[in-house]
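Chain by chain, the residues run as shown.
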Amino acid sequence: MNSGYFKHIIRFIVLVLFQILILNNIKLNGYLNPYFYVLFILLLPFETPRWLLLLSAFLLGFSVDMFENTMGINIAACVLMAYLRPYVIRFVASKQDYEPGLEPCIRDLGFTWFISYSLILVFIHHFAMFYIEVFRFSEFLTTFYRVLGSTVFTMVLIIMSQYLFYRPRK
Amino acid sequence: MRNLFSFLLKNYFFFLFLFLEIIATVLIVNNNYFQRSVVINATNEFTGSVKSIFSNVTEYFFLKQTNKILSEENSILHALTEKSYIITDRSTYLIDDTVYKQQYTYVGAGIISNSIHKRNNYLMLNKGVADGVNKDMAVISPKGIVGIIRDVSKNFSSVISVLHKDAKISAKIKKNNYIGTMIWKGIDYRTAYLMDIPTHVKLTMGDTIITSGFSHIFPEGIMIGVINNYTILQGENFYTIKLKFSEDYNSLSYVYIVNNLMKNEQIKLETESQDE
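Those protein sequences? They're chains A and B, same order as listed. Numbering that gives the first Met the number 0 numbers the first residue of the first sequence as 0 and each following residue consecutively. Numbering that gives the first Met the number 0 numbers the first residue of the second sequence as 0 and each following residue consecutively.
In case anyone wonders, no lab produced these hints; they're calculated from the structure. All values reported here derive from a predicted model rather than from experimental measurement. Virtual Cβ for every residue (Gly too), placed ideally from N, Cα, C. Be a bit skeptical, because a hint or two may be false.
Listing some non-contacts, in silico: residues in chain B with all C-beta distances to chain A over 10 angstroms [as the list claims (entries may be wrong)]:
#1 TYR255
#2 LEU260
#3 MET261
Reference listing, derived: stretches of chain B covered by chain A, where coverage requires no fewer than 3 residues with Cβ under 8 angstroms from a Cβ of chain A [as the list claims (entries may be wrong)]:
#4 61-71
#5 133-140
#6 224-235
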């Protein structure tokens, strides 16, 4: 179990660094920006206690906010996403039982399951974050395009990463 | 009491969620009203030093272009020095130096981090209180305006870019001195809007927009951009003018921080006359 914690801590650090040093400098079209770091919340194991889920999401948002100078925005979006995660998991496959030891990734639960699971959560995160950042409804539609565009961008990166680091089960 | 306690315990997931979101909201609100957020100030030094390591590396990729811009600017400055002028009239010697009192001083600074893709963008510069930088100073580049200093720590300062929803800059049309306000509506980092120009003013495409100097912050005559397009909405008394920034904010690497030496005097006089 200890090595399991270690893996997630490393993943946390790598994703935050990747986000702030590389992805935040990608300016596709001038306003689309992928927020790939949410992959950390997606990949936490099913057995994670709920309080740990929320606290690690808080810490994740806090570290990204610190470097982006947008104190609070990523925190709010990440905590919301982590709060809704158990409900989304139940919603996506209500009949199927999740066997212990399985991880939420393409390898263990298949492509369709992973896509619907991560698409819903990534959309929730992006939606919350972009609207909190703009903080007014007068630019509703343009913000919505940014949400959709960035969601697609993030999803492409998440799926790519799933196949890039694919290791068959021993 | 016990019932309340067991209720809280049963729904701890929801209440923890609520608690964390409240913390986030407090942080967002503090940040949105630009009160100096304690957290950001404390972390500026730390994040600044991490980012400066990164920008030390990336700066090398832009060295060639930066050198070109610097040498262009040098050539302009050389043209302005005393040596470049031939004295045609001896009477110029009679002008007393005290007639020209210096109002603005400039500090050169490098950019550590920059963003253009958000609705509210910020820059971080490698100069701070130790270099004489203070809050509310203007930041300009050789080709145009950049922003206003928001927070300063010992060695770093963060700047509200003109690409920000609260950036309102007093501007004027160079050829006829009509005053308007420049705002940025998001999405495209190359275009901004100039408001409050009445419809009887004659405009042409390509008219130059410069700062008006009415704001204590920006000196007069700093380039903002050129008119790209203008329309009159039905029933409006003012133009909607689209302008193209003269500076490309995506490729900034060096800027100047402007210090208005007479700012306090101006503000003092202004508040005195408002009080009456």
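Taking the hints in turn, this is what the structure says about them:
1. TYR255: At about 22 angstroms from chain A, TYR255 (chain B) clears the 10 angstroms cut-off, so the statement holds.
2. LEU260: holds, 29 angstroms
3. MET261: MET261 (chain B) is indeed farther than 10 angstroms from all Cβ atoms of chain A, at 31 angstroms.
4. 61-71: n = 0 at 8 angstroms, threshold three: violated.
5. 133-140: violated (count 0)
6. 224-235: Since 0 is below three, the answer is violated.
Figure legend: structure checked against the earlier numbered hints; hints not met, in rising order: 4, 5, 6.
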